[in-house]
Structures are given as C-alpha cells and as structure tokens.
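Protein chains: 2
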Amino acid sequence: MTGFRHVVLFTWVEGTTTAQVDEVAAKLRELPAVIPEIRGYSLGSDAGVNPGTADFAIVADFADRDAYLVYRDNPTHRAVVDSMKPLIASRAAVQYEL
Amino acid sequence: MTGFRHVVLFTWVEGTTTAQVDEVAAKLRELPAVIPEIRGYSLGSDAGVNPGTADFAIVADFADRDAYLVYRDNPTHRAVVDSMKPLIASRAAVQYEL
Numbered sequence: 001m002t003g004f005r006h007v008v009l010f011t012w013v014e015g016t017t018t019a020q021v022d023e024v025a026a027k028l029r030e031l032p033a034v035i036p037e038i039r040g041y042s043l044g045s046d047a048g049v050n051p052g053t054a055d056f057a058i059v060a061d062f063a064d065r066d067a068y069l070v071y072r073d074n075p076t077h078r079a080v081v082d083s084m085k086p087l088i089a090s091r092a093a094v095q096y097e098l
Numbered sequence: 001m002t003g004f005r006h007v008v009l010f011t012w013v014e015g016t017t018t019a020q021v022d023e024v025a026a027k028l029r030e031l032p033a034v035i036p037e038i039r040g041y042s043l044g045s046d047a048g049v050n051p052g053t054a055d056f057a058i059v060a061d062f063a064d065r066d067a068y069l070v071y072r073d074n075p076t077h078r079a080v081v082d083s084m085k086p087l088i089a090s091r092a093a094v095q096y097e098l
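Those protein sequence lines, which keep their order, are chains A and B. Be aware that the first sequence starts at 1, since it is given in UniProt numbering, and climbs by one per residue. Be aware that the second sequence starts at 1, since it is given in UniProt numbering, and climbs by one per residue.
I should point out that these hints are in silico values taken from the structure, not numbers from a laboratory. Please note that a few of the clues may not be correct.
[What the hints assert, rightly or not] Between beta-carbon pairs, the in silico distance windows are: (1) B:85 to A:26: 33 to 43 Å; (2) B:40 to A:64: 17 to 27 Å; (3) A:48 to B:90: 29 to 39 Å; (4) B:20 to A:29: 31 to 41 Å; (5) A:79 to B:52: 18 to 28 Å; (6) A:15 to B:75: 19 to 29 Å.
Computed from a predicted structure; not experimentally measured. Where a beta carbon is used, it is the ideal one built from N, C-alpha and C, also for glycine.
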C-alpha cells in the first residue's frame with residue numbers, strides 16, 4: 001500500500017480525567033465524517049502493558065502528503081486540537097510515506 | 001477491525017547518518033518474516049512536512065496483546081532494539097486496542 005501516515009503520541013497533564021480523554025476521543029472520531037481526505041483513522045489510550053509509555057495515540061492515513069495537509073489545516077480539526085491543548089503535557093509526531 | 005497496535009516514535013542522536021537509519025529500517029523490515037504474530041508492520045522516517053517532529057516511526061499491528069508480547073520479547077527483535085540503542089536520543093510509545 002502506498003500513502004501517507006500521520007502518527008502522534010500525547011501525554012496528558014496530571015489530573016486529566018478519563019471523561020476528558022473520552023470527550024477528546026469522541027471529537028476526534030467525528031473527523032473522518034467531516035474530512036473525506038482521511039482514509040484511515042485510529043486512536044486509543046495506552047493499554048498499560050509497558051512502563052514509561054505515553055498516554056494516547058492517533059494514527060491517520062491519507063492518500064498522499066497533500067491529503068494530510070488538508071486534514072492538518074481543516075478548521076474542524078484545528079478546533080479539536082485547540083480543545084485538546086489544555087490537556088497536553090507532551091506531544092511527539094511523525095509523518096511518513098507508506 | 002479489532003486488534004492491538006504498538007506505536008513508537010524515535011528521535012536520533014545528533015550525527016546519526018542516513019545509512020545508519022537505512023540499516024535499522026532494513027533490520028526492522030526483516031522482523032515480520034521472523035515473527036508470525038506480526039499482522040501489519042509499517043515504518044518510516046519523518047517526511048519533513050512539519051517542524052518539531054520526531055525522526056522515525058514504527059506502527060505494528062497484532063491480533064491481541066499476547067501476540068504483541070511475543071513480538072516485544074522475541075530475541076531477534078530484542079537484538080534489533082539493542083543495535084538501535086546507540087542511535088536513540090528519545091523514544092515515545094503507546095500500545096492500544098484497535
């Protein structure tokens with residue numbers, strides 16, 4: 001398969017509640033219906049298997065870099081990102097060609 | 001789809017060469033042939049679209065948590081991890097249920 005993948009990992013600030021994370025996840029899960037450039041969208045909270053992990057992952061697949069940029073800059077997506085910002089302690093991301 | 005996903009992002013130490021990263025990538029790409037529990041395996045270097053990203057991503061899919069643990073603890077995988085360690089400046093990982 002060819003394509004372009006966006007991967008992002010977050011750690012949440014101390015005191016972030018499960019309800020807050022669930023709300024973020026619900027907002028994120030609405031994005032594929034709003035942004036047709038999203039080909040695949042997967043997210044989840046860390047399963048607690050290993051020590052020292054981050055807290056939350058998003059893996060989003062696109063046909064190509066341009067389709068990813070549409071997602072990145074989409075206003076609905078930006079609004080979700082803005083709503084997440086108070087919860088984010090750290091963020092690591094990579095975009096790569098599939 | 002159900003399953004279990006392992007996501008890991010790396011930044012490399014300063015001075016890491018493209019040849020070194022290519023060698024790591026080649027070793028990683030051999031793992032699905034060695035570890036049948038790997039259902040999907042994708043990796044790549046950051047495409048340079050955004051500032052502040054990490055350098056390299058691996059996304060590995062498994063049927064379930066136990067299959068992931070087989071991968072995590074497989075000796076061939078551990079040998080690749082050991083060979084990568086001198087290059088790793090930072091690492092962030094999440095495992096989550098698909």
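Quick rundown of the hints versus the structure:
no.	hint	in the structure
1	B:85 to A:26: 33 to 43 Å	holds (38 Å)
2	B:40 to A:64: 17 to 27 Å	holds (20 Å)
3	A:48 to B:90: 29 to 39 Å	violated (21 Å)
4	B:20 to A:29: 31 to 41 Å	holds (38 Å)
5	A:79 to B:52: 18 to 28 Å	holds (21 Å)
6	A:15 to B:75: 19 to 29 Å	violated (41 Å)
Hints 3, 6, counting from the list given before, are not met by this structure.
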